Amino acid sequence: ISSSNIVLLLCCCNTLSGAVTPVFVLTGKDLLLDVLSPVVLEEEDEFRWDFRPNKKPNKKVMRVSYDHETKIFGRYKGRAVISLQNYSLHLRNMQQADSGLYSAFFGEDEDELVDPVSPVELTVEFASNSSDSCILTVTCCTRVSDHINSILRCVNSTCSLNGGEMSKVTSFGASLKVYLVDGTITCSHSNEVSSSIKVMEEVQQFCQTDAVGNVVIFLYYKK
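Numbers -19 to -1, 1 to 204, taken from mature numbering (1 follows the signal peptide of the UniProt record, and there is no 0), label the letters of the sequence shown in order.
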């Protein structure tokens, strides 16, 4: 068997009926996992698919709430599709790392463990100036490479946000924001359980206002 045609053995466990069904699929092909029993969600219920790699802890693949709000986790984003009619799971482009036990569950919502956010770094750098203003670039970044770049325009001693990104949702679902109040720039990284903030005051000090002029002196002699 060539490396491009490796056969994966996956086990689909339907906890609703207690059945465990072995499934074989070629790498690179798609996989359809069916739910063997009817599912009716009531308020506060959720349905989810979990995956357990060989001899490793469970990982969430996706979940669906009572009102059909769907969340797909981690490396399954862009690969997993759920049917809201029968809750079957369609996984695209199966790889060796996808081999393991897939389980379907439904019941009341479970509280999610949310990790604290990582610290943030804030930098302000001079970009350019003109006769009446200067431009500064602001970078707000986390330790896991999420970042936003904003642009400040300063006229005399007054600065304002003038472009670039002001906020984004990070790869871990936290909020990353830059805002300016009374000449103080703030970088904020936060989620439901924690926050990290860096502040830099008087950002106009980064403007290069000292200009060097050229003086032309004419000398003449009177005879």
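Be aware that a few hints might be false.
Unchecked claim - Listed next, the in silico PhoX-like pairs over lysine-lysine satisfying Cα-Cα at most 25 Å (straight line):
no.: 1; residue 1: K149; residue 2: K52
no.: 2; residue 1: K52; residue 2: K179
no.: 3; residue 1: K58; residue 2: K10
no.: 4; residue 1: K10; residue 2: K52
no.: 5; residue 1: K41; residue 2: K52
no.: 6; residue 1: K179; residue 2: K149
no.: 7; residue 1: K52; residue 2: K40
no.: 8; residue 1: K10; residue 2: K41
no.: 9; residue 1: K179; residue 2: K158
no.: 10; residue 1: K58; residue 2: K149
What the hints contain is simulated information worked out from the structure, not anything from laboratory work.
For clarity, every value in this text was computed on a predicted model and none was experimentally measured.
Hint by hint, here is what the structure shows:
1. K149 / K52: Given that 25 Å is the threshold and the Cα spacing comes to 18 Å, the pair holds.
2. K52 / K179: Status violated; Cα separation ~31 Å.
3. K58 / K10: holds, 17 Å
4. K10 / K52: holds, 23 Å
5. K41 / K52: holds, 10 Å
6. K179 / K149: Holds. K179 to K149 sits at ~16 Å (cutoff 25 Å).
7. K52 / K40: Judged against 25 Å, a Cα distance of about 13 Å means the pair holds.
8. K10 / K41: Judged against 25 Å, a Cα distance of about 21 Å means the pair holds.
9. K179 / K158: Holds - the C-alpha atoms of K158 and K179 are around 11 Å apart, at most 25 Å.
10. K58 / K149: holds, 18 Å
Against the hints set out earlier in the document, a violation occurs for number 2 only.
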